[in-house]
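Residue 17 in the numbering used here sits at position 17 of the sequence shown, and the numbers go up by one each step.
There may be inaccurate statements among the hints.
Label pairs and their computed distance ranges (CB to CB) [stated by the list, open to error]:
#1 V114 to E49: 52 to 60 Å
#2 R88 to S141: 25 to 33 Å
#3 D151 to D48: 17 to 25 Å
#4 I142 to P113: 24 to 32 Å
#5 K110 to A11: 27 to 35 Å
#6 P113 to E83: 27 to 35 Å
#7 Y111 to S79: 47 to 55 Å
#8 R97 to E49: 18 to 26 Å
#9 E49 to Q94: 27 to 35 Å
#10 E46 to E4: 33 to 41 Å
Derived by calculation from the structure, the hints in this document are not laboratory data. Cβ coordinates follow ideal geometry from the N, Cα and C atoms, glycine included.
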Amino acid sequence: MTVEIAEFIEARLREWEALARDSTELRRVTVKYPAKRPPWEPERWELDEFRDLVSVNGRNPPMCEGEWGGGPRSVDVASLIAEFDPARVYGLAQVFRALLALHECRPPSKYMPVAWCDPCHGDGYAAGPGWPCQTVRYIASIWGGHSDYRDEWRP
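Produce the complete structure using the sequences and hints provided.
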C-alpha cells in the first residue's frame with residue numbers, strides 16, 4: 001500500500017498536467033517544423049470587469065462561436081475557469097508533487113516499527129498510523145471518486 005498510494009497520486013498529477021498542456025497546446029501548421037514551434041508554457045487566462053474572458057497570456061482569447069461569440073454558460077463558470085487556468089493547474093500539480101516528496105515513505109527500522117515519513121514521524125516516535133501519513137491521505141482524497149482510489153486511503 002505504501003508505494004501504491006504514491007503511484008496513484010503521481011498518475012493523477014500527470015493527468016492534471018496533461019490536461020493543462022492539452023488545453024494550452026494550439027494546433028498549428030508548424031507541427032511540420034518542430035524547431036520553429038515555441039516551447040510549451042501554461043496559459044494565463046484573464047477576465048474583464050464583466051467576467052468575460054478577454055485575454056490568454058495577454059492576447060485575445062482564441063475562442064469564437066457564431067455571430068455573437070461564445071464562452072462559458074455563466075459568470076460563475078467563467079470565474080472558475082479563469083481562476084483554475086492551465087498555469088494554476090500546472091502549479092498545483094507541482095505543489096502536490098513537492099508535498100509528496102516531502103512526505104516520502106521511509107521503511108520500518110529497528111527503532112520505528114512502521115513505515116513513516118520525516119515531517120510526521122521524524123522525532124522517532126511511531127505515533128499515528130505511520131505511512132501513508134495524514135498529509136498523503138488528504139492529497140489522495142482529492143481523487144476520492146476515482147475508480148482506482150481505495151477506501152483504506154481515506155484520512
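> Of the hints given before, which are not true for this structure?
Replying inline: 2, 3, 6, 8
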